[in-house]
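J.: Work out the full structure: start from the sequences and follow the hints.
Here's the letter readout for the chains.
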Amino acid sequence: MMGINAAVEVRNLDFTYEEGPQILHRVSFSLPQGSLTAVIGLSGCGKSTLCHCLCGLIPQALGGELSGEILLQGHDISGRPLAQLAQTIGLVMQNPDLQLVTTTVEDELAFAPENLCLSPAEIARRIERVLAWLNFEHLRLASPHDLSGGQKRLLAIGAVLTLEPQILVLDEPMSHLDQQGQKLVKDALLALLKEGCTIIMVEHDWQIATFADNWLVMIDGRVSYFGPPADILQDKDFLLQHNLL
Amino acid sequence: MALEAKNLYFKYPKGKKAVLSDFSASFLPGELAALTGANGCGKTTLTKILLGILQPQQGLVLLDGRNIAELTLAEVGRSVGYVMQNPAQQLFCTSVEKEMDYGLLNLGLSEEEREKRINYYLEYFQLSRHRKSFPFHLSLGEQQRLLLAAVLAMKPRYLILDEPTAYLDVYRRRLLGEHLQKIRTELVCGIIVVSHDRDFVGEYCQREVVMPGAGMVENHVDSPQRRAL
Amino acid sequence: MTLFSLVKWDPRCKIILMACLSTLAMLRGEVWFLFGLLVFTCLLVMLGGAELSGALGQVKGLLGLIFSLFIIQCFFTRSGEPWLVIGGFTLITSGGIELACILSLRLFILAFSALLLLTGEVRDYLLALVQMKIPYEIAFMTMASVHFIPILREEALNVFYAIQLRGCELQKASWRKKLHTYLEICLPILVGALKRTRAMALAMEARAFRAYPKRTYLRRLVLKKNDKAILVAVPVITLVLLVY
Numbered sequence: 024m025m026g027i028n029a030a031v032e033v034r035n036l037d038f039t040y041e042e043g044p045q046i047l048h049r050v051s052f053s054l055p056q057g058s059l060t061a062v063i064g065l066s067g068c069g070k071s072t073l074c075h076c077l078c079g080l081i082p083q084a085l086g087g088e089l090s091g092e093i094l095l096q097g098h099d100i101s102g103r104p105l106a107q108l109a110q111t112i113g114l115v116m117q118n119p120d121l122q123l124v125t126t127t128v129e130d131e132l133a134f135a136p137e138n139l140c141l142s143p144a145e146i147a148r149r150i151e152r153v154l155a156w157l158n159f160e161h162l163r164l165a166s167p168h169d170l171s172g173g174q175k176r177l178l179a180i181g182a183v184l185t186l187e188p189q190i191l192v193l194d195e196p197m198s199h200l201d202q203q204g205q206k207l208v209k210d211a212l213l214a215l216l217k218e219g220c221t222i223i224m225v226e227h228d229w230q231i232a233t234f235a236d237n238w239l240v241m242i243d244g245r246v247s248y249f250g251p252p253a254d255i256l257q258d259k260d261f262l263l264q265h266n267l268l
Numbered sequence: 010m011a012l013e014a015k016n017l018y019f020k021y022p023k024g025k026k027a028v029l030s031d032f033s034a035s036f037l038p039g040e041l042a043a044l045t046g047a048n049g050c051g052k053t054t055l056t057k058i059l060l061g062i063l064q065p066q067q068g069l070v071l072l073d074g075r076n077i078a079e080l081t082l083a084e085v086g087r088s089v090g091y092v093m094q095n096p097a098q099q100l101f102c103t104s105v106e107k108e109m110d111y112g113l114l115n116l117g118l119s120e121e122e123r124e125k126r127i128n129y130y131l132e133y134f135q136l137s138r139h140r141k142s143f144p145f146h147l148s149l150g151e152q153q154r155l156l157l158a159a160v161l162a163m164k165p166r167y168l169i170l171d172e173p174t175a176y177l178d179v180y181r182r183r184l185l186g187e188h189l190q191k192i193r194t195e196l197v198c199g200i201i202v203v204s205h206d207r208d209f210v211g212e213y214c215q216r217e218v219v220m221p222g223a224g225m226v227e228n229h230v231d232s233p234q235r236r237a238l
Numbered sequence: 013m014t015l016f017s018l019v020k021w022d023p024r025c026k027i028i029l030m031a032c033l034s035t036l037a038m039l040r041g042e043v044w045f046l047f048g049l050l051v052f053t054c055l056l057v058m059l060g061g062a063e064l065s066g067a068l069g070q071v072k073g074l075l076g077l078i079f080s081l082f083i084i085q086c087f088f089t090r091s092g093e094p095w096l097v098i099g100g101f102t103l104i105t106s107g108g109i110e111l112a113c114i115l116s117l118r119l120f121i122l123a124f125s126a127l128l129l130l131t132g133e134v135r136d137y138l139l140a141l142v143q144m145k146i147p148y149e150i151a152f153m154t155m156a157s158v159h160f161i162p163i164l165r166e167e168a169l170n171v172f173y174a175i176q177l178r179g180c181e182l183q184k185a186s187w188r189k190k191l192h193t194y195l196e197i198c199l200p201i202l203v204g205a206l207k208r209t210r211a212m213a214l215a216m217e218a219r220a221f222r223a224y225p226k227r228t229y230l231r232r233l234v235l236k237k238n239d240k241a242i243l244v245a246v247p248v249i250t251l252v253l254l255v256y
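Chains as they are written, first to last, in our numbering: chain G, 24 to 268; chain S, 10 to 238; chain A, 13 to 256.
No lab work stands behind these hints: they were computed from the structure.
Worth double-checking, as some hints may not be accurate.
[What the hints assert, rightly or not] Calculated from the model, a selection of chain S residues having no Cβ within reach of chain A, i.e. all distances over 12 Å:
1. L80
2. T81
3. T103
4. N115
5. L184
6. L196
[As the list claims (entries may be wrong)] When the alpha-carbon atoms are kept at most 16 Å apart in a straight line, the in silico EDC-like pairs for lysine to aspartate or glutamate are as follows:
7. K207/A to D120/G
8. K107/S to E196/A
9. K25/S to D169/G
10. K191/S to E79/S
[To be verified] Each pair of labels, with its calculated beta carbon distance range:
11. Y224/A to S35/S: 55 to 63 Å
12. E187/S to L256/G: 18 to 26 Å
13. E41/G to Q190/S: 36 to 44 Å
14. Q183/A to L268/G: 46 to 54 Å
15. T39/G to K107/S: 26 to 34 Å
16. C54/A to L164/G: 23 to 31 Å
The structure presented is a predicted model; accordingly, all values stated were derived computationally and were not measured.
For glycine and all other residues, C-beta sits at the position ideal for the given N, C-alpha and C.
T.: Below, the structure written as structure tokens:
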């Protein structure tokens, strides 16, 4: 089943860490342009690994043995440098402490668009938009290091949003966030969806992910369900059996 | 017998506003309390004060009636278990097994008892297969479980957990909740959970202490922390 | 008392000024000149409204080092008139005292001129370096290392708290026990730091760092009239003082 306007197309992905167990088994799926997909599963089921594969971190930076194909916006990603891939696909990783690299909130948000050689006016536009989304206007000149855990998380997300990638991958964006923070992130994601961005959100808490168009349920490195959340939520036994509820 | 905060006032040296102002609360053994509040309202700061890592400008913390400022961190640690937000900054041993054993050795337990606790907690948090692994090679979720296991194995009288469920999935969260309930009743342990996780708080905690919002917390490096030595 | 505001100076002025002061301190070797230079630097820092309370603390930390270097210089330099002779052995000479003075003055000048930089934001210096045609990667790494020293320190502190809270008595321990504990945790801290560096490099690449040979900047530093005057005057005066 190959959609013509698939933003993300994954075919028969197998992945094994060096001298480790096999993490991904024959993973295949195809995500339509402008959709939001939540990847649901227990820790260690391969969710984060899948994210790393999509963004090219695996195998380029993290190593391991990968086979299968990944196409983003119709182009095979194998062999393309990470920094170049970043213009197509943005990744928010789990640990915000490791992703904040500058000395003020404003610079943190400016970092990505500056790398893309955008004009100062365009950089400023993107920063203002994200500051408003995150409710961070008063923190513009604060040092990222001085923010609280939840604020750092929001900033790490915002710093990738200014990339304005066609595809956005978020690895557990909602943990550490209070309800207000979760709402801010959700609203920002919905706004990006309207602009045609394709979003993949890894989440172990299914309740947070009910607003997704599709769920990709992973169990032990295999895709065991792909489709609207409403359908699988009716099959409570299946979810309970796999400790997903 | 209680862990009490009395009229705490705390402000970071470069901060504009006080994080805590005339804040009082007491946490009792055998109680599972949640500490909640908006992002950046000073929850983590409060936990650090409760442990004596940060010293308040006014007010004091009493641990079972003793002023915490007069105790060493090691003395506090024997009564109060603490798991910070960032797991990587609390692991310092070369294997999962040694990490578990570290606190138990300091408690002066017999080899038999240590072995028993290590086995039990590694099994409970599903880490047995990582026993010989280097802790830094674990995933964030696994690191968090390892820390919980290492601290719980010391069977402290009070437990302070800062966002313990942040990297745990639904299933492991339930395991943690059930275990906390168990030690709360069996060991009469007083547990404070800092969390945004409404479900977890609603399901397992008996009392919720809501911190008043104080805006941005300025977590400055040159804050009046206790000396490291 | 504040006569002018160093904060408002362009960061490039402060970098050049600091470079000139250090050059003078290293190349001129007369005690009277160095003393004058030190007084000038101190006045500049104080009248420029630098925040001295925290900064002085850092200089205070240097005092011990400078003092011990002073003593060592005194004892190990054998030139000039003998000043202190004990039992036929010359302990201190005039040459030794002079060299020790020169060394201490130089260190003080370096320390105080570095205080000039504390009156600005790290992000401005990064921009200043870039606009001085230093490659962005190098400028970024320089600033990152300055910025991350306190963060790494705090992380190391967290590890120490964690160790103590798991029952290790460090506050009352003997120095041997302390040393042993430090050595024990050296490896994990190092590994942690390395992992962190690697993860940050990845995070930067994932945000398109070095996707193009060039990059643009949100802000631009613009020289004001008095900044230009300083940029011209300071190097000229330095040159004159060096030749004279």
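J.: Now tell me if each hint is right for this structure.
T.: Quick rundown of the hints versus the structure:
1. Its beta-carbon lying about 10 Å from the closest one in chain A, L80/S breaks the requirement of being farther than 12 Å from that chain.
2. For T81/S, the requirement that its beta carbon stay farther than 12 Å from each beta carbon of chain A is not met, with the minimum near 4 Å.
3. With 12 Å as the threshold on Cβ separation, the claim that T103/S sits away from chain A is violated: the shortest Cβ distance comes to roughly 7 Å.
4. Residue placement check: N115/S does not keep its beta carbon more than 12 Å from all beta carbons of chain A (closest about 3 Å).
5. Non-interface call for L184/S relative to chain A: holds, since the shortest CB-CB distance, roughly 22 Å, exceeds 12 Å.
6. The non-interface label for L196/S is consistent with chain A: the shortest C-beta to C-beta separation is roughly 17 Å, beyond 12 Å.
7. The suggested pairing of K207/A with D120/G holds, with an alpha-carbon distance near 12 Å, which does not exceed 16 Å.
8. As the CA atoms of K107/S and E196/A are separated by approximately 12 Å, the hinted pair is consistent with the 16 Å bound.
9. Of the supplied pair hints, the one linking K25/S and D169/G holds, its CA atoms being roughly 13 Å apart against a limit of 16 Å.
10. Taken as a hint, the K191/S and E79/S pair is broken in the structure, with Cα atoms around 32 Å apart against an allowance of 16 Å.
11. Judged by the Cβ atoms, the range 55 to 63 Å given for Y224/A and S35/S holds: they are separated by roughly 59 Å.
12. About 24 Å separates the C-beta atoms of E187/S and L256/G, a value consistent with the hinted range of 18 to 26 Å.
13. Checked against the given bound of 36 to 44 Å, the beta carbons of E41/G and Q190/S, roughly 41 Å apart, stay inside it.
14. Here the CB-CB span from Q183/A to L268/G is close to 47 Å, well matched to the stated 46 to 54 Å.
15. With their beta carbons about 28 Å apart, T39/G and K107/S fall inside the hinted range of 26 to 34 Å.
16. A C-beta distance of roughly 30 Å is found between C54/A and L164/G, which places it inside the suggested range of 23 to 31 Å.
When held up to the earlier numbered hints, the structure conflicts with 1, 2, 3, 4 and 10 and fits the remainder.
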